[in-house]
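Student: Chains as they are written, first to last, in my numbering: chain A, 407 to 782; chain B, 407 to 782.
The calculated DSS-like cross-link candidates involving lysine-lysine, where the alpha carbons are at most 27 angstroms apart (straight line), are:
{"#": "1", "chain 1": "A", "residue 1": "557", "chain 2": "B", "residue 2": "499"}
{"#": "2", "chain 1": "B", "residue 1": "499", "chain 2": "A", "residue 2": "483"}
{"#": "3", "chain 1": "B", "residue 1": "670", "chain 2": "B", "residue 2": "557"}
{"#": "4", "chain 1": "B", "residue 1": "557", "chain 2": "A", "residue 2": "505"}
{"#": "5", "chain 1": "A", "residue 1": "730", "chain 2": "B", "residue 2": "499"}
{"#": "6", "chain 1": "B", "residue 1": "670", "chain 2": "A", "residue 2": "499"}
{"#": "7", "chain 1": "B", "residue 1": "730", "chain 2": "A", "residue 2": "505"}
{"#": "8", "chain 1": "A", "residue 1": "499", "chain 2": "B", "residue 2": "483"}
{"#": "9", "chain 1": "A", "residue 1": "730", "chain 2": "A", "residue 2": "557"}
{"#": "10", "chain 1": "B", "residue 1": "670", "chain 2": "B", "residue 2": "483"}
{"#": "11", "chain 1": "A", "residue 1": "483", "chain 2": "B", "residue 2": "483"}
{"#": "12", "chain 1": "A", "residue 1": "499", "chain 2": "B", "residue 2": "557"}
{"#": "13", "chain 1": "B", "residue 1": "557", "chain 2": "A", "residue 2": "483"}
It is worth saying that the hints were derived from the structure and are not from the lab. Note that the structure is a prediction, hence the values are computed from the model and not measured.
Protein chains: 2
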Amino acid sequence: MRVRVVKVPLGDRTYSIQIGEGLLARLGPECRRLRLGNRCALITDATVARWHAPAAEASLRRAGFDCLRVTVPAGEKAKSLGHLEDCCDQLAKHRLERKSFIVALGGGVVGDLAGFVAATYLRGVPFVQVPTTLLAQVDSSVGGKVAVNLKAGKNLVGAFYQPRLVLCDLDTLRTLPRREYRAGLAEVVKYGIIRDAALFRRLEGDLLRLLELDPATVAAVVARCCQIKAEVVGQDETESGLRAILNFGHTIGHAIENSAGYGKYLHGEAIAIGQAAAAWLSQRLLGLPARDADRIVDLLQAAGLPVRLPLPGARRARLLQAMKLDKKVSAGEVRFVLARRLGEAVWGQSVSAAPLDEALAAVAGPAPKRNRTKRS
Amino acid sequence: MRVRVVKVPLGDRTYSIQIGEGLLARLGPECRRLRLGNRCALITDATVARWHAPAAEASLRRAGFDCLRVTVPAGEKAKSLGHLEDCCDQLAKHRLERKSFIVALGGGVVGDLAGFVAATYLRGVPFVQVPTTLLAQVDSSVGGKVAVNLKAGKNLVGAFYQPRLVLCDLDTLRTLPRREYRAGLAEVVKYGIIRDAALFRRLEGDLLRLLELDPATVAAVVARCCQIKAEVVGQDETESGLRAILNFGHTIGHAIENSAGYGKYLHGEAIAIGQAAAAWLSQRLLGLPARDADRIVDLLQAAGLPVRLPLPGARRARLLQAMKLDKKVSAGEVRFVLARRLGEAVWGQSVSAAPLDEALAAVAGPAPKRNRTKRS
Chain A
407 MRVRVVKVPL GDRTYSIQIG EGLLARLGPE CRRLRLGNRC ALITDATVAR
457 WHAPAAEASL RRAGFDCLRV TVPAGEKAKS LGHLEDCCDQ LAKHRLERKS
507 FIVALGGGVV GDLAGFVAAT YLRGVPFVQV PTTLLAQVDS SVGGKVAVNL
557 KAGKNLVGAF YQPRLVLCDL DTLRTLPRRE YRAGLAEVVK YGIIRDAALF
607 RRLEGDLLRL LELDPATVAA VVARCCQIKA EVVGQDETES GLRAILNFGH
657 TIGHAIENSA GYGKYLHGEA IAIGQAAAAW LSQRLLGLPA RDADRIVDLL
707 QAAGLPVRLP LPGARRARLL QAMKLDKKVS AGEVRFVLAR RLGEAVWGQS
757 VSAAPLDEAL AAVAGPAPKR NRTKRS
Chain B
407 MRVRVVKVPL GDRTYSIQIG EGLLARLGPE CRRLRLGNRC ALITDATVAR
457 WHAPAAEASL RRAGFDCLRV TVPAGEKAKS LGHLEDCCDQ LAKHRLERKS
507 FIVALGGGVV GDLAGFVAAT YLRGVPFVQV PTTLLAQVDS SVGGKVAVNL
557 KAGKNLVGAF YQPRLVLCDL DTLRTLPRRE YRAGLAEVVK YGIIRDAALF
607 RRLEGDLLRL LELDPATVAA VVARCCQIKA EVVGQDETES GLRAILNFGH
657 TIGHAIENSA GYGKYLHGEA IAIGQAAAAW LSQRLLGLPA RDADRIVDLL
707 QAAGLPVRLP LPGARRARLL QAMKLDKKVS AGEVRFVLAR RLGEAVWGQS
757 VSAAPLDEAL AAVAGPAPKR NRTKRS
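Let's have the full structure, built from the sequences with the hints guiding it.
Tutor: Put into structure tokens, the structure is as follows:
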């Protein structure tokens, strides 16, 4: 299979995303081609390390790099300032210098933490993303958002810091638990909703092939998602406008993650519920056709993702509270990304308390509150 | 007294340094003029808070800002990732948003910590530096270097993040302990050595007026130092070359701070010893006239700064070890900034073990090892 290359156009910080099979073996030569320094640290988690660290390190060593492995615990709890400090302490102990570089090998958690390490250790060293989950490949590894969590919420401390290369080895997806793979599909569906109706239709048609990890389908879909993200990030790196559309489903999704405690829902699962609620709001407030709101919920469900959130009144209040801590809050008002139609999202939509509460009630019910009757 | 204004020319991130008396009262109106958001956090330390926080907050409130005070302990230990987390937790708890801003009120420690908070909280919020020590006014508040320490060394985790404004209120220097004021003079002397022989001569002539805080002398000297720093930072923001000259005396100075444990020497004191050693190396390796090397040591001493470091052999080895952790190390080699003549420094000078050891021996002796005999 050929390697697909997507450029993220950011002036002198432009970089490539490579998408294909067997790319781990190319990690060393690609880092060499970028003229990175001779020493590096491979930051990974305990789970990913078992599967993929030996191949990554072998490739780096064959290319002549001196490579330190730094392993963090698997799971969201690694995204803390404490783990940032642990990582930096290890880099300092091994005398990594400004010309040394960091390789992030893992999912979104590893990429976010390792990227923030790279952004801040010695005030910034180069880094390379090697995402090993679908979610990281189509979303978190691209675009330079890196961060750790605070008690008060996700990603509240971080930076915009671009990698020098993103290497998406599709083979790594085969070692991914099914649940995590499906969670990644939530972000894939998002790209269709916010920017590409044709992609959305393709997902509806190719969902089985995608769920079966058919190589050609996965490659094409991952590449298309990366292309959309690259386009958006190229136009608005630091989220002063357009980039906000990437947060479709995320305002409610992050609040679900925060108020449920990290770990109960995977990020993609929380985002799926958030997208179902955002679809409801889009229909109510922006005239998204009811049929399309249904298609969103249907596709997420067909991908095996949750779209309901059974929520007693007290917990709904906690959820609304969590939403107010979102980084997208402006002057105390929660702003939403909503879809006008499939393939077109608008950002900065202020939503008052009443429809927001209704949207949460709509996704809280035991049976889907569907528009389907209107279609028959 | 008129307010002196120095511009730091960094494209769309250009900002002003204002230098004068009574400027704390102008903090609120200046922030308003910059169209910063309505909410801010004033980060300060316990000591500075007593003296200056009420005036700063009163000015901000009069200008209509809602202001949260965040107080960290006084001293170098506040520059930790733990305190970064404490600060960010407080900002999150009080719902500071992306448009909110941070005011750093204090010396170098507060500026470095608060600046790093501003650089990373919500991936970056605007910030304003209000330096209250001489060292912070002429050096650390200008140029956007922000950082915290690791166990392994100073400033090993940080960012380049520019303030929107620097307000140097010369009145605040009157509340400064004499020892800290003198420590700041070490950086002042540095500017003369690396970039401005006329400033150096002026310092030799005006030292008493400077030590007595004569307003006109202090204003002129602080403004000239800021001008030099602004020029250098404007040409090389991220220290890929020229900016390194600002580290004259710092390679050894940082190592002294690290190996002595933070707190024994003030930064400026360690830098003074480092400059004495660098003067020795400059004379030996770069042909700095012996007379000028003496003038450097004399001026530092006349300012009440240490220029000797009594150091048994075992501790000298620890010092050399600490030096290898410096951020300026490249390919394992310690690089120095040295002076070719007064007013002209060169960076990236590799110094082998022998002369480095001799330089440390030279500053270790009980009596100054002077060239003065050659002058008579």
